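There are 2 protein chains.
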Amino acid sequence: MSILLSHADILTSVDGRFKTLKDAYLGIEGNTIVYIGKDRPKTPFQKEKMMQGKLLMPGLVNAHGHSAMTLLRGLGSDLNLQEWLFDTMMPIEDRMDREDIEAGRSLAMLEMIASGTTMFSDMYMYPEDAVKLCGQAGLKGNFSRVMQCFDPKETYEENGRGPLNNSYFEVYNDSYDGRIKIDYMIHAEYTTLPEITRSYIADANKRNALIHTHISETKKEHEECKEKYGKTPIEWFNDLGAFEHPAYVAHCVWVEDGDLEIMKEKNVTCVHNPSSNMKIGSGFAPIVKMLEMGINVALGTDGAASNNNLNMFEEMHLASVIHNGYTLDPTVLPADTVLKMATVNGARALGRPDTGSLEVGKKADIIALDMDKPHLIPNIDTVPLIVYSAQGADVCMTMVDGKILYEDGEFLTLDKKEIYAKVERSLRKLYQ
Amino acid sequence: MSILLSHADILTSVDGRFKTLKDAYLGIEGNTIVYIGKDRPKTPFQKEKMMQGKLLMPGLVNAHGHSAMTLLRGLGSDLNLQEWLFDTMMPIEDRMDREDIEAGRSLAMLEMIASGTTMFSDMYMYPEDAVKLCGQAGLKGNFSRVMQCFDPKETYEENGRGPLNNSYFEVYNDSYDGRIKIDYMIHAEYTTLPEITRSYIADANKRNALIHTHISETKKEHEECKEKYGKTPIEWFNDLGAFEHPAYVAHCVWVEDGDLEIMKEKNVTCVHNPSSNMKIGSGFAPIVKMLEMGINVALGTDGAASNNNLNMFEEMHLASVIHNGYTLDPTVLPADTVLKMATVNGARALGRPDTGSLEVGKKADIIALDMDKPHLIPNIDTVPLIVYSAQGADVCMTMVDGKILYEDGEFLTLDKKEIYAKVERSLRKLYQ
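Residue numbers (my numbering), protein chains in the order written: chain A, 36 to 467; chain B, 36 to 467.
This is chain A alone, in the form it adopts within the complex (with noise of 0.2 Å):
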């Protein structure tokens, strides 16, 4: 099946920078971008859609999160940290069965798919089901059993989690036309041991996966792991050999010189968080400086029960202002720069570098957004009219590898009532 999207606006990349086309054309041929052009290809295409007033972009990569938190949305509002996750959150989360969590699961499918995500990562349980409700939806999506151990008496096989991602991996990993990975993720160096998480990182470096962990989020975790081990979270899962290939790490509120050393040496790299790490008070990420460093940073807005929700344009905006006001420097973090964390540097975390950009020969990963809207008037400048004034509302289509998922509210892969159906009974049963 060939399409060619017409006369919409097309944010391409060229040579690494974006460049807007107006009124151009894009054309795919199965789940690939074939052309982009600003006259009319000269081959054929099976369908073509008229994209007035359109603006095609790149889909948005979403490299951290905690998909079924949705249920938990709102819930603990305002209150301290060990209140929030440990009275409020981890009661009901404790409640929430394999049920629930496909629930939640598809309900934050349906808000990622409404706000422009075309990709994101998932850190949650029964990824096997993750796999197939992604697969289903036609989203990208990257999963594993997640590593915790608290039990020092465990083995590794006792423990299980490993051996069993290890037979996701065979199973699932490049799945559904390579839309699905399987990552060894591990939740983080507080919520496991480390004999447990070397064999753990030994069986992904097997496979060449990607490694996924929360790094350094509060201050009080990066100084209690220096008290019990003599190094910083970054240190600790370095020596554990989490760096031999290419790892995404989410947070890094509280890394060190050296940390940042260690992240560019073993190409590591940092999903940013902004909307999470200021709601419940984590602290400023120094994004700028890893920037500067040529650290690969991705954006991320982990589960939605610290956000309060899972839309990748208000990261942007929240990543291109906060870091201007905590370092008084209206110049340090470019609308370009928190495009791409937001786009191809996503892709390259997740292991998709045939993603992330609108180019000729990469995959067919695009948003539209309606320009009809009185706040992205007047459009001087695109890209900062992305990541400044658009909004996840304007998101009018969704596209994964070619195939539309959302288009003018509507879902076409996703049953939005039986999913709302779902959810109400796993709510009811949740907060009776």
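The set of hints was computed from the structure by calculation and includes no laboratory data.
It should be emphasised that the depicted structure is a prediction, and the values quoted were computed from it without experimental measurement.
Hints may be right or wrong, so weigh each one.
Identical copies carry no separate label here, and so any pair may be met within one copy or between two of them.
Calculated cross-link-like contacts (lysine to aspartate or glutamate; reagent style EDC-like; alpha-carbon spacing at most 20 Å) [stated by the list, open to error]:
#1 K261 / E296
#2 K54 / D416
#3 K254 / E291
#4 K451 / D407
#5 K254 / D364
#6 K266 / E291
#7 K255 / D364
#8 K266 / E256
#9 K464 / E128
Mind docking chain B on chain A? Use the hints.
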């Protein structure tokens, strides 16, 4: 004309606290709310409007802005403040004529109405045109011939702004059924001179009118005032009599403890502009301290040039999270405090104690949110859902004084096409 809004969720206020009624009724007689309750009212209404799945909440108050700067949206993004302001903004602004300003202001009104703002303060030229536009649009607004003076030899009469504003006050204050107020706005300490400002303030005080100005937005401006006059901007204005009646002042990023004491004593409202303060790198205003002291804090967008939009939902979100991140404490600015900043506190600042909350006897300044959105599920706690999750685009109805201005994407008092055409014309002229 009387109208009953039926089967809506209603965010009302009881004894100064928000309370949500589910599947409830709100009755309006003329411009006033006459009934709120769970039960169908016994008295008849001329019209009934079904509002299933909608949340009614108070219209938002944008307490500081420069409406016509929508024409400069996105201009000179990511430059430092000097280059942005003097080399980029001002040359274009100098070329903006009365027609351009009308076009930009109309675009701002479209944007504000569509994202749930029902009242705004506008510091910009040609207030007499603004009054008419705002009157016709059906919004509520505070306007002024803004005081500026750079020539120490100029008399109050020669400067002319004061006498002109007096005449505007006579003609327009409380016009359009009280929807319009004429304030006495002074651009800032650094763009005026003491004696002329004293006269302007005296004229304001004679009329019991509101004073509005920029205060201590940047560190540079704050320190230079201290060097020049031996006092802070707040002290400078206070000594000129600006705070003899309630005043509202924008930014207050660099105010000192003594300034806060004055603000508290003199009942001065701070208008916090989080997007603008972050984006142009001004810094973090001590909002938390102000609230602790009982100082009234409202919210504003500032101009679209430094934001880059006029979306009060975004301001609420930013205000609610950035101070947590800055203080490393997630409890410092609860959602209900932030929602009050954007509603009742703003109404109080702009001299409208008769609006800002949904209560019997208050003006019917109401917006409806369409709750049928994945990101608004679950609705565990309505106020945090509004502040942390809702988006400007969720607004499906905007009503002022009982009159619907916007519904389901349609503007009922403004001609969007005509405004777009005017904006297009101005942009062609300004950016050619």
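Report the numbers of all earlier hints that the structure fails to satisfy, in ascending order. Checked against the structure, no hint fails, so every one of them is satisfied.
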